[in-house]
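Undergrad: Residue numbers (our numbering), protein chains in the order written: chain A, 1 to 145; chain B, 1001 to 1529.
Just so you know, the hints here were simulated from the structure itself, not pulled from any lab data.
Quick caveat, the model's predicted, so the values are computed rather than measured.
Every residue gets a Cβ at the ideal spot worked out from N, C-alpha and C, and that includes glycine.
Certain hints may be false.
To be clear about the criterion: a stretch of chain A counts as covered by chain B if any three or more of its residues have a C-beta under 8 Å from a C-beta of chain B, and this derived list gives those stretches [stated by the list, open to error]: (1) 36-44; (2) 63-71; (3) 88-101.
Distance condition first, Cα-Cα at most 20 Å in a straight line; then the derived SDA-like pairs of lysine to any residue [as the list claims (entries may be wrong)]: (4) B:Lys1448 - A:Tyr106; (5) A:Lys33 - B:Phe1276; (6) B:Lys1448 - A:Arg135; (7) A:Lys33 - B:Lys1448; (8) B:Lys1448 - B:Phe1276.
Taking CB as the label site, the calculated pair distances span [said to hold, decoys possible]: (9) B:Gln1505 - A:Ala62: 56 to 62 Å; (10) B:Thr1468 - A:Thr53: 29 to 35 Å; (11) A:Asp113 - B:Gly1166: 41 to 47 Å; (12) A:Val58 - B:Tyr1222: 56 to 62 Å; (13) A:Ser138 - B:Asp1416: 42 to 48 Å; (14) A:Gln93 - B:Asp1291: 23 to 29 Å; (15) A:Ala116 - B:Leu1241: 51 to 57 Å; (16) A:Gln90 - B:His1279: 31 to 37 Å; (17) A:Asp113 - B:Arg1288: 32 to 38 Å; (18) B:Arg1242 - A:Ser138: 22 to 28 Å.
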Amino acid sequence: MVIAMSRQTLSDHPSRRLGLHVLLMDDEEGMLKVTSLLLRRIGCTWRTTTGGTATLRVYDEAVVSGTPFDAVILDLVVPDDMGGEETARQLRQRQPVPLLIGSTGYLDSPVLDNYAAHGFDAVLPKPYRLADLHRTLSAHPAARV
Amino acid sequence: MVSMPRQTPNDGAATGTLLHTQNRILQIIARGWPLQEILDQLCLHIEQLSEGALCSILLMNDHGRSLRSAAGPSLSPEYLEALDGLRVGRCAGSCGSAAFLGRPVIVTDVAEDPQWEDFRDVAAQFDIGACWSAPFFSQADKVLGTFAISHAHACEPTPFQIELMGAATNLAGIAAERHAFDMAALQTEKMESLGVLAGGLAHDFNNLLTSILGGITLASSYSENGSSQSQALESAEAASLRARDITQQLLTFARGGAPVTRAESVQALLRETAEFTLHGARVTYQLRVADGLPQAQIDRGQFSQAVQNILLNAVQAMPEGGTIGIEVTAVDYRGEQALPIESGIYLRVEISDTGVGIPAHHLDSIFDPYFTTKEEGRGLGLATSYSILKRHRGCIDVASTPGQGTWITFYVPATDEAPAPSGQDAYDASRPLGLHVLLMDDEEMVLKVTTQVLTRIGCTWSTTTGGTATLRAYDEAVDSDSPFDAVILDLTIPGDMGGEAAAEQLRQRHPDAFLIVSSGYRDSPVMAE
Chain A
1 MVIAMSRQTL SDHPSRRLGL HVLLMDDEEG MLKVTSLLLR RIGCTWRTTT
51 GGTATLRVYD EAVVSGTPFD AVILDLVVPD DMGGEETARQ LRQRQPVPLL
101 IGSTGYLDSP VLDNYAAHGF DAVLPKPYRL ADLHRTLSAH PAARV
Chain B
1001 MVSMPRQTPN DGAATGTLLH TQNRILQIIA RGWPLQEILD QLCLHIEQLS
1051 EGALCSILLM NDHGRSLRSA AGPSLSPEYL EALDGLRVGR CAGSCGSAAF
1101 LGRPVIVTDV AEDPQWEDFR DVAAQFDIGA CWSAPFFSQA DKVLGTFAIS
1151 HAHACEPTPF QIELMGAATN LAGIAAERHA FDMAALQTEK MESLGVLAGG
1201 LAHDFNNLLT SILGGITLAS SYSENGSSQS QALESAEAAS LRARDITQQL
1251 LTFARGGAPV TRAESVQALL RETAEFTLHG ARVTYQLRVA DGLPQAQIDR
1301 GQFSQAVQNI LLNAVQAMPE GGTIGIEVTA VDYRGEQALP IESGIYLRVE
1351 ISDTGVGIPA HHLDSIFDPY FTTKEEGRGL GLATSYSILK RHRGCIDVAS
1401 TPGQGTWITF YVPATDEAPA PSGQDAYDAS RPLGLHVLLM DDEEMVLKVT
1451 TQVLTRIGCT WSTTTGGTAT LRAYDEAVDS DSPFDAVILD LTIPGDMGGE
1501 AAAEQLRQRH PDAFLIVSSG YRDSPVMAE
């Protein structure tokens, strides 16, 4: 007996260009650097910020200048500044609403288990691979998958 | 220190002195003296009230199967050492028997009594003629230990001496339970601060790992599939993911969290965990499951973690390879073995190895956090298993014979419930397929997604990335009595035997194998045939 299974629905190639404009917030310089490289690899453009206050400002400026962000990746915990959850809550009141992705290395954070209830469309537990980042961002309707 | 006037048992003032003893011991318990000193004082005070009495106190070990020497200030240290580790059971001297039966065992002549049969040499060597022992209990009626009065000659207790033993067991019970509470509180405190530390470490560590893993997968995406460069990156990626698992394990142990339990089939979960954990190890496993087992009431992830840690220990105990036996039976536990669990129906899982074994003096410590005999060990594995099973209202125990192997046995509560559906998916997961599937594909994403689907439809699985490994895995599974029910083969595998050739060879060796071919190339002629 032979059953055909299509792999087109299963596979996503990390090298595909997503063509999204992404805002990345993390308080760690090393994180920003590597994730920027990953974003470039999957065909995204990006900006980085190190805290919630700057994230809101950069997001609003981009809307005004006609280059809004499609997705925002937010570190959940940022010392001495607005963290990911509050930033996401404020971004959800903006127009347009970006794809909101929470990210954290606290793998026992309740946000990871129930991200929707915490205001996120998706989560990226740290550490993540190129393919994980690609898959998560592919959820955006504008992603050229 | 209060010095006690010596009283004869029939002296009218003796009751007053007993009262004084009780006051004194309660006072030092309340003041938080160390348990050892309280128990020593208790023995000395009782000895002063009873001519020729030699008191000893044994405490129950955590797993409830043996006693340890806790006090016996007037007895020879060698005798106490000989008592240490006394098994709880029938005919285990006065104390082992009293702890087992949960009632006093008065042996008036050690030389004659059958309960001392195994210990006559010890008795003769240390001049023990009579030994009266009584268990003491927690408020929840759990045996915490035994209090014994020994004499150098055969003799019966007087009513006053019986009264003394009653008072002494009361006091010892209060002291031991208070000590257990203190230890538990200290442990909680330690765990809380460890939890904070672990959380911070995991966060920093995972940030670093994100840079490492991100860099590796990025470099990987630029390197040619199957090249030596991409192979090197693959192993670095795998190592980074293992490092992530370690931080997660540390968190699981330190913070734990209440298990979210539901009815699960232990059989499927054990198989899946064994496949995953033993993949690539030089050991085989045999899963033996009794017929008609009930479901277990467990947290899937935590249970799997507990089993994984036990299996890893078994693998490390067998550097030359060997066989791990996993045996599952159902037991109706009615308190007969003094296990630290309530009465009820349990699933009993025994995991045995044929490895180096554990020396007797380490057996009591192997579930302690940070106890390890391995150079690279962190001592968290079995401690995690222990705390997970405890949170499930189950328990875990170990037996070992150095040079022959180790048997780890654990109990988890069973349930009458049918297995719960595992998702909001359209699949009817309450009717799991229960098949054991081998999946071959060179794309990690495909493996990942398909195995998730297989799990959801109630299948256990193993994966390979090429034809050569598929043939080997299939043969091994047949040899180890856990053959695959179905094989899903990707048609094209760069640099290795593809699905068609693998299917042909499998068919030759195993004519009845159930083979499914999968390809993204719909127009491949194989798909039509």
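Undergrad: Starting from the range 56 to 62 Å, see whether the pair Val58 (chain A) and Tyr1222 (chain B) falls in it by beta-carbon distance.
TA: violated, 30 Å
Undergrad: Can you tell me whether the CB distance of Thr1468 (chain B) to Thr53 (chain A) sits inside 29 to 35 Å?
TA: violated, 56 Å
Undergrad: Given the hint of 42 to 48 Å, is the C-beta distance from Ser138 (chain A) to Asp1416 (chain B) inside that range or not?
TA: About 43 Å separates the Cβ atoms of Ser138 (chain A) and Asp1416 (chain B), which means 42 to 48 Å holds.
Undergrad: Decide if the proposed pair is consistent with the structure: Lys1448 (chain B) and Arg135 (chain A), CA atoms, cutoff 20 Å inclusive.
TA: holds, 12 Å
Undergrad: Do the beta carbons of Asp113 (chain A) and Gly1166 (chain B) sit within 41 to 47 Å of each other?
TA: With a Cβ separation near 53 Å, Asp113 (chain A) and Gly1166 (chain B) fall outside 41 to 47 Å, so the hint is violated.
Undergrad: Is it true that the CA of Lys1448 (chain B) sits at most 20 Å from the CA of Phe1276 (chain B)?
TA: With Cα atoms ~13 Å apart, Lys1448 (chain B) and Phe1276 (chain B) stay inside 20 Å; holds.
Undergrad: In terms of beta carbon proximity below 8 Å, does the region 88-101 of chain A have 3 or more residues touching chain B?
TA: violated (count 0)
Undergrad: Between Gln90 (chain A) and His1279 (chain B), is the Cβ distance one that fits in 31 to 37 Å?
TA: violated, 46 Å
Undergrad: Honestly, do Asp113 (chain A) and Arg1288 (chain B) meet the 32 to 38 Å range at C-beta?
TA: holds, 35 Å
Undergrad: Quick check on a hinted range of 22 to 28 Å for Arg1242 (chain B) and Ser138 (chain A), using CB atoms only.
TA: holds, 27 Å
Undergrad: Are Lys1448 (chain B) and Tyr106 (chain A) close enough, with their CA atoms no more than 20 Å apart?
TA: Not OK: Lys1448 (chain B) and Tyr106 (chain A) at ~23 Å, beyond 20 Å, violated.
Undergrad: Take the C-alpha atoms of Lys33 (chain A) and Lys1448 (chain B), compute the straight-line distance between them, and say whether it is at most 20 Å.
TA: This hinted pair is violated, its Cα atoms lying about 28 Å apart.
Comparing the model with each numbered hint stated earlier shows that hints 2, 3, 4, 5, 7, 10, 11, 12, 14, 15 and 16 do not hold.
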